[in-house]
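J.: Add chain B to chain A, keeping to what the hints say.
Single-letter residue listing:
Protein chains: 2
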Amino acid sequence: MAKNAIVGQSGGPTSVINASLAGVFESCKSRGAGKVYGMLHGVAGLLERRVCVLDDKLHGALDIELLKRTPSSYLGSCRYKLPDWHTPEGEAVYQKLFAILQELEIGYFFYIGGNDSMDTIGKLADYGAHIGSEIRFMGVPKTIDNDLMVTDHTPGYGSAAKYIGVVMKEIIRDATVYGTKYVTIVEIMGRNAGWLTSAAALAKAEDCEGVDMICLPEVPFNVDHFVEKVERMQKAKPSIVIAVSEGVKLEDGRYVCELADDVHAVDAFGHKALTGTARFLANTVARRLDTKTRCIELSTLQRCAGHLTSRTDITEAYQVGGAAAKAAFEGHTGEMVALDRISNAPYQCGTSLHPICEVANLEKKVPLEWVNADHTAMTQDFIDYAMPLIQAELTPIYVEGLPHHIYLPEA
Amino acid sequence: MAKNAIVGQSGGPTSVINASLAGVFESCKSRGAGKVYGMLHGVAGLLERRVCVLDDKLHGALDIELLKRTPSSYLGSCRYKLPDWHTPEGEAVYQKLFAILQELEIGYFFYIGGNDSMDTIGKLADYGAHIGSEIRFMGVPKTIDNDLMVTDHTPGYGSAAKYIGVVMKEIIRDATVYGTKYVTIVEIMGRNAGWLTSAAALAKAEDCEGVDMICLPEVPFNVDHFVEKVERMQKAKPSIVIAVSEGVKLEDGRYVCELADDVHAVDAFGHKALTGTARFLANTVARRLDTKTRCIELSTLQRCAGHLTSRTDITEAYQVGGAAAKAAFEGHTGEMVALDRISNAPYQCGTSLHPICEVANLEKKVPLEWVNADHTAMTQDFIDYAMPLIQAELTPIYVEGLPHHIYLPEA
Numbered sequence: 001m002a003k004n005a006i007v008g009q010s011g012g013p014t015s016v017i018n019a020s021l022a023g024v025f026e027s028c029k030s031r032g033a034g035k036v037y038g039m040l041h042g043v044a045g046l047l048e049r050r051v052c053v054l055d056d057k058l059h060g061a062l063d064i065e066l067l068k069r070t071p072s073s074y075l076g077s078c079r080y081k082l083p084d085w086h087t088p089e090g091e092a093v094y095q096k097l098f099a100i101l102q103e104l105e106i107g108y109f110f111y112i113g114g115n116d117s118m119d120t121i122g123k124l125a126d127y128g129a130h131i132g133s134e135i136r137f138m139g140v141p142k143t144i145d146n147d148l149m150v151t152d153h154t155p156g157y158g159s160a161a162k163y164i165g166v167v168m169k170e171i172i173r174d175a176t177v178y179g180t181k182y183v184t185i186v187e188i189m190g191r192n193a194g195w196l197t198s199a200a201a202l203a204k205a206e207d208c209e210g211v212d213m214i215c216l217p218e219v220p221f222n223v224d225h226f227v228e229k230v231e232r233m234q235k236a237k238p239s240i241v242i243a244v245s246e247g248v249k250l251e252d253g254r255y256v257c258e259l260a261d262d263v264h265a266v267d268a269f270g271h272k273a274l275t276g277t278a279r280f281l282a283n284t285v286a287r288r289l290d291t292k293t294r295c296i297e298l299s300t301l302q303r304c305a306g307h308l309t310s311r312t313d314i315t316e317a318y319q320v321g322g323a324a325a326k327a328a329f330e331g332h333t334g335e336m337v338a339l340d341r342i343s344n345a346p347y348q349c350g351t352s353l354h355p356i357c358e359v360a361n362l363e364k365k366v367p368l369e370w371v372n373a374d375h376t377a378m379t380q381d382f383i384d385y386a387m388p389l390i391q392a393e394l395t396p397i398y399v400e401g402l403p404h405h406i407y408l409p410e411a
Numbered sequence: 001m002a003k004n005a006i007v008g009q010s011g012g013p014t015s016v017i018n019a020s021l022a023g024v025f026e027s028c029k030s031r032g033a034g035k036v037y038g039m040l041h042g043v044a045g046l047l048e049r050r051v052c053v054l055d056d057k058l059h060g061a062l063d064i065e066l067l068k069r070t071p072s073s074y075l076g077s078c079r080y081k082l083p084d085w086h087t088p089e090g091e092a093v094y095q096k097l098f099a100i101l102q103e104l105e106i107g108y109f110f111y112i113g114g115n116d117s118m119d120t121i122g123k124l125a126d127y128g129a130h131i132g133s134e135i136r137f138m139g140v141p142k143t144i145d146n147d148l149m150v151t152d153h154t155p156g157y158g159s160a161a162k163y164i165g166v167v168m169k170e171i172i173r174d175a176t177v178y179g180t181k182y183v184t185i186v187e188i189m190g191r192n193a194g195w196l197t198s199a200a201a202l203a204k205a206e207d208c209e210g211v212d213m214i215c216l217p218e219v220p221f222n223v224d225h226f227v228e229k230v231e232r233m234q235k236a237k238p239s240i241v242i243a244v245s246e247g248v249k250l251e252d253g254r255y256v257c258e259l260a261d262d263v264h265a266v267d268a269f270g271h272k273a274l275t276g277t278a279r280f281l282a283n284t285v286a287r288r289l290d291t292k293t294r295c296i297e298l299s300t301l302q303r304c305a306g307h308l309t310s311r312t313d314i315t316e317a318y319q320v321g322g323a324a325a326k327a328a329f330e331g332h333t334g335e336m337v338a339l340d341r342i343s344n345a346p347y348q349c350g351t352s353l354h355p356i357c358e359v360a361n362l363e364k365k366v367p368l369e370w371v372n373a374d375h376t377a378m379t380q381d382f383i384d385y386a387m388p389l390i391q392a393e394l395t396p397i398y399v400e401g402l403p404h405h406i407y408l409p410e411a
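So the protein lines, in turn, are chains A and B. Residue numbers for the first sequence follow UniProt numbering, beginning at 1 and rising by one. Residue numbers for the second sequence follow UniProt numbering, beginning at 1 and rising by one.
Isolated chain A, as found in the complex:
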């Protein structure tokens, strides 16, 4: 009898993570998998045997189309890190997991996620080899942060970059409307890597003057220099729009948002919430320069804007899911699918397989040579890199004026 497959989603959601789920599901079915199970809330849910049978949830082509257009993780997510299996308590977790997988007659295991999730795939594949399991474990890349090694870019980034490019254009139109002195500071996600903030550079076009400054976490931040730059820029142009990463750091390593008085109040659990960077900078500029300021946090919207996705991104998200299924059925395990750019004009991209150890727990930063000498803008190399990833759209299916989603109430 054909083995079953199981797929989970982990880490922060994206607009296109469900397209990868669709790719895994359809490719597994077409390759003759038995059932395709979904883990509810990733490995954490699986450990509680919280699974669904996707075959019972996805009924035909319209559901697949809706799944591709539904933002956030259809199966729910988790931020669970598997323990080291070399300790007795650790191994108990793996024994429990593999017992559940055996009971479900799983032959193929897929995990859609970022570098933390790839750690999970690596550990499961290692332990599987250790006990002689035949289950194949494959990683499917996903993160708006675009910080995975090995792959040219990650599914999820293109749509988030497109969202950022679009709303920066709209914010620039809005910010210039009164013709008065105004500094708008837009805070964009990215704790250590500035890929998302860099995407603000895409707003510049023949119909848009573009943003005036881009501040990445890769470049040490100096508050005085920042204010001086704003002052200089405002002499030429009253309304300045600045894109700043939530993760910009001072030369001493502290996050800029730690300079704000109230930042620690945000999270009741003592987590250092990286929010308030734009607000702190807007307040500082307002105090030091004779100008109105405004801060805008793109917040969750940049990762869940299913109404505004890149068709290129959706297609690639689907492809990496399918490529992972193909690889697993061909006997691969402990690997992640990567996207390989073949050419820029015309844009072409293929997939390849890489051992998980080249990906898990590592971070890819924005190359510093893609930032201009003044540390205010991205070079053409970045534009050439990012522009193909935001091309084309996948129109939502609107029902009663709103994009329709597919939705699993128990997830």
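Simulated from the structure, these hints should not be mistaken for lab results. Please note that the accuracy of each hint is not assured.
Just so you know, same-sequence chains aren't split out, so a pair can sit in one copy or run between any two.
[To be verified] Straight-line C-alpha distance at most 20 Å; calculated SDA-like pairs for lysine to any residue:
no., residue 1, residue 2
1, K204, L408
2, K237, P409
3, K237, E410
4, K3, L104
5, K57, A205
6, K249, R311
7, K237, R50
T.: Here is chain B on its own, set in the frame of chain A:
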């Protein structure tokens, strides 16, 4: 020789204010106006003789289509209040304005804006009558706030409401992803009227559980009761999503955001900036209840999201512009065009004319009978009212992956 027309935009921008500009322009041209001038930055710009000739800027049908799809005020905006013309200093301003209008050979004057802008139309029409001017002054309604009297709704509201409905659905999908205790508080614009915040109710559908609480400025806010409601709700459902107006007030009349320590720092000019309501409430809930919280300010995005507009709204914005031109050419002055709902099923809407004194400086609130007894949700009456306004879409014209705009660099 045919008289010329002039049109200006004033107050806060919307996603569809340029559709009204297109309506005024095309209707004036088809009725035989000479030139159609645009005021750059409204009446404030006109007083400095800052005008453009729209005939030279809008070349054919594609430019009109782009104009309909370009958010924020194409001509720039202002927040200028005309003085009382019964004083000598006041009258000097009017003398200057009318001299400029005479020099430009203006016969028809249009102002697209909200209740403050209608004050401008009222004063100009009064002064025009006083000096025997033949210029006709017509108001074209515009505001995302939907707070204008006389009209069933205002152009700009439908698109902002659609944007809010769409992103609330997306935020709800995102907020439930971990299955853990989470309170998400979304801050929505509206200083005194809760029309925009009410639109969060539109997110509820067969594919979405909807928001859990809606807090309008029309209903006095009590922080303790709010926290109690959240606590009660979280017993049934771990992830709670709340829409709160930036303008919610305590029973003693203070804005809730004034309770936050740092709110006064935001604006260097001493303006009481109504921001920080969601942040304050998220911090309060995190401190008092054992839950993670998050705040999201929709900020400028809700008024400038040209990529996500209601086609119904764009069509009506165009229509009120055209109806204003028609009225002016037929001899009307000192009036505003209103939208009159004829029926809900099928949705039909016509226009009518009203004296400016019925509109200027007045505010229409959300009827309290459209809020449920618990003050947490909107009734079906509100849904029936708002749902037709968000129907259908006007697809952006995408160029290189981003919506293309039409843009006046000098505005």
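J.: Decide, hint by hint, whether the structure agrees.
T.: Here is how each hint holds up against the structure:
1. Taking identical chains as interchangeable, the C-alpha atoms of K204 and L408 lie at most 20 Å apart only when they sit on different chains, with a minimum of 15 Å there against 39 Å within one chain.
2. In this homomeric assembly, K237 and P409 come within 20 Å of each other (Cα to Cα) only across copies, at 11 Å, whereas the closest approach inside a single copy is 50 Å.
3. In this assembly of identical chains, K237 and E410 lie within 20 Å of each other by CA distance solely across copies; the values are 11 Å between and 52 Å within a copy.
4. For a Cα distance limit of 20 Å, the shortest separation of K3 from L104 inside one copy, 9 Å, qualifies, whereas the shortest one across copies, 81 Å, does not.
5. Within a single copy, K57 and A205 get their C-alpha atoms only as close as 43 Å, which misses the 20 Å cut-off; across copies the closest is 19 Å, which meets it.
6. When the C-alpha separation of K249 and R311 is checked against a cutoff of 20 Å, the pair qualifies neither within a copy, at 34 Å, nor between copies, at 44 Å.
7. Proximity of K237 to R50 under the C-alpha cut-off of 20 Å is restricted to the inter-copy arrangement: shortest distance 18 Å between copies versus 57 Å within a copy.
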